[in-house]
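Enquirer: So the sequences go chain by chain: A and B.
Read in full-length UniProt numbering, the first sequence has 212 at position 212, and its numbers run on one by one without any break.
Read in full-length UniProt numbering, the second sequence has 260 at position 260, and its numbers run on one by one without any break.
A few of these clues could be false.
All copies of an identical chain are treated as equivalent in the list; a pair is satisfied when it fits inside any one copy or across any two copies.
[Claimed, not checked] For lysine to any residue, the following SDA-like pairs were computed, each having C-alpha atoms within a straight-line distance of at most 20 Å:
#1 LYS276 with ALA317
#2 LYS178 with HIS68
#3 LYS86 with GLU315
#4 LYS42 with HIS293
#5 LYS86 with GLN197
#6 LYS164 with SER55
#7 LYS215 with LEU169
#8 LYS42 with GLU348
#9 LYS42 with GLY347
If you are wondering where the hints come from, they were derived from the structure by calculation, not from laboratory data.
Given next are the chains, with one letter for each unit.
There are 2 protein chains.
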Amino acid sequence: MGLKFEVLKTSDGGGRRGVLSLPHGDVQTPVFMPVGTAATVKAVPQDVLETNGASGVGARIILANTYHLYLRPGHELVRRMGGVHKFMGWDRPMLTDSGGFQVFSLSKLRKISDEGVEFRSHLDGSKHFFSPEHSMDVQIALGADVAMVFDECVETPATWERTKQSMGLTHAWAARSKERFEAEKHRVPWFEERGGQTQNLFGIVQGGMYADLRKESAERLVEMEFPGYAIGGLAVGEPREVTREMIARTLEVLPKDKPVYVMGVGYPDEIEEYGKMGVDMMDCVLPTRAARHGLLFMREPGSSTVVRMNIKKKEYAEDQRPIDESCTCRVCARYTRAYLRHLYSSGEALSAVLNSIHNLAFYLDTMERVRGELAG
Amino acid sequence: MGLKFEVLKTSDGGGRRGVLSLPHGDVQTPVFMPVGTAATVKAVPQDVLETNGASGVGARIILANTYHLYLRPGHELVRRMGGVHKFMGWDRPMLTDSGGFQVFSLSKLRKISDEGVEFRSHLDGSKHFFSPEHSMDVQIALGADVAMVFDECVETPATWERTKQSMGLTHAWAARSKERFEAEKHRVPWFEERGGQTQNLFGIVQGGMYADLRKESAERLVEMEFPGYAIGGLAVGEPREVTREMIARTLEVLPKDKPVYVMGVGYPDEIEEYGKMGVDMMDCVLPTRAARHGLLFMREPGSSTVVRMNIKKKEYAEDQRPIDESCTCRVCARYTRAYLRHLYSSGEALSAVLNSIHNLAFYLDTMERVRGELAG
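Bound-form chain A, shown alone (with noise of 0.2 Å):
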């Protein structure tokens, strides 16, 4: 048993304040994950993500990319060091992707068969192989308290026929995903420590931005029975109406007592929605991302409008206000807008610590947030 999902309270909108107990510890739900894609989360040290945020309690739960830690350092080194969690010095709950993603993304030469997918590393061009079986030897090796189930993911746009095509190959290999996991789930290297405590494997749902693909996906997957389930392939350059439908949709056919974890999002105002309509657990780069490029979130004063500031604009060279008035993360409490312009602009690697510091705050806070009303 590694999982216990308690419902506190469900809200006439859907959203569900709750909890998710995992090997690692409790995570108060629904959660924002910062991602930390080769064991760190960029530029922002352990210490700093365990507290950050207004409320000080940090990031509960952050993610790590399988595909990233398998080319380097390994898997099998992360394993021999006793997982992620003791390998990046991080002792509370993580979840790893499927490595999926990103061979579909960032790898060269894939050729995809019935059994898995055969990629060059984006690295130095050496050739791999993943296959469903692979995927899960890796994320056990890994032994982050929620691992992912090897999935396809579809071009887009795909036809109605290429995507129920893409979705039955999703389906096949979530099956194999899972048999392999039950039988080789007692490797994770912490299994002994953590009194036969295991790993948990989530499904993910595809099927595109068809309706009827998601419903079919979604009731195939429970079918299967996973402790909790991801929607998939979303925010993938769709209108935000159609991400909105069909985590709608899949929220309909998926139980109420599983997490729901929706993959890969996204905006401070689309997190604030999705959680209110009932998913559990989201993650996305953004905020890291954004924030290398001197992109700060920020909302307009007196409005509950979200904006990105563009800090390297000359507007800032002499603004001593904080990025967000109304924030109180530790950036904001020390630091002007005018010192941080100094720093992007001076190639200073300051500037990404900082910004990505205020920008993980100003998401966890978002969430703080929600978790607040959807409590009261």
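Since the structure of chain A is already known, use the hints to place chain B on it.
Expert: For chain B alone, kept in the frame of chain A given last:
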């Protein structure tokens, strides 16, 4: 009145345990000052600087470089932001160099005359002119607690004749620096806010590697009466014995009741040695620059010998020990060599952050121990 220097105890070897009181606070001496080039100690957030090291006291005084801040964002902008302390969110003492060293080492097409130095910016090739008067104006606008006279840095090696000639120019520039500083010091951004306190201008002893010239330079500067004296032009490639000899000869001449600052040193064993000889202040980019190249300071187990570990080496790939098992810094408390190697090899931004924090903690702890020995 902007400076008070109290010597609490002097050891047989000449080392003194003291307290330097400056407009922005007290500094326990001897002290190592991290270098915050462009108003940022590269990759290290200010709150970490404040609490770094085993004692948790952190850095009590840091440097900023006049040349860099003059070019970007510009000293008048920094003045309008309230001075460099407010600009960077650092409320403890600071020191600025004169800009001379960077003009001589970084910029192109220098033309030196008795009047000053014409040079081209290393950033955009634009033409600039620094004189002693201009250096003072810039440093007063920046508003560090300690400013430095504008001096010529002679090339190395240099003949006795060339060194003597350069020293003459340095002395003339020191007198002009002092004159301008006295006339303009009330223009420091925090003059009124700090009850009429001003910055403190330190003289710089030059004289190359010639003991007689060092003595002459020190005597000339003491006649000019500065509140503190720096020893410049050392650690520029000469053997360690020569550095030590030049410091020793200069210390003999300098007054015992004024702080002495050796610029640009050094390795951990050097700052310890010079601290025990009677040097009160030192600065160096070495801990942060080495950190960015993956070079980490540590003591050999069971010995006091300081070595530099090259974290990129393959032998650390699965090394679960901290950098230095006797170090109590936050990096050694949390992260393994294997993880730090992974961050460095993967080009992750967190690598420079954590490596810099460790190396600075190592330096700060070294001086904390030296202060303890001098007080004991």
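Enquirer: Please go over all the hints and tell whether each is borne out by the structure.
Expert: Quick rundown of the hints versus the structure:
In this homomeric assembly, LYS276 and ALA317 never come within 20 Å of each other (Cα to Cα): the closest approach is 38 Å inside a single copy and 44 Å across copies. Within a single copy, LYS178 and HIS68 get their C-alpha atoms no closer than 22 Å, and across copies no closer than 58 Å, so neither meets the 20 Å cut-off. In the homo-oligomer, the alpha carbons of LYS86 and GLU315 lie at most 20 Å apart only across protomers (19 Å), although the nearest pairing inside one protomer, at 44 Å, exceeds that limit. For the identical chains of this complex, LYS42 and HIS293 are neighbours both inside a copy (13 Å) and across copies (18 Å), given an alpha-carbon limit of 20 Å.
For the identical chains of this complex, LYS86 and GLN197 are intra-copy neighbours only, at 16 Å inside a copy versus 51 Å across copies, given an alpha-carbon limit of 20 Å. Taking the shortest alpha-carbon separations for LYS164 and SER55, neither the intra-copy value of 44 Å nor the inter-copy value of 62 Å comes in at or below 20 Å. Proximity of LYS215 and LEU169 under a CA criterion of 20 Å is satisfied intra-copy only: 16 Å inside one chain copy versus 84 Å between copies. In this homomeric assembly, LYS42 and GLU348 come within 20 Å of each other (Cα to Cα) both inside a single copy, at 15 Å, and across copies, at 7 Å.
For a Cα distance limit of 20 Å, the shortest separation of LYS42 from GLY347 qualifies both inside one copy, at 16 Å, and across copies, at 10 Å.
Hint compliance for this structure: hints 1, 2 and 6 are not met, and every other hint is.
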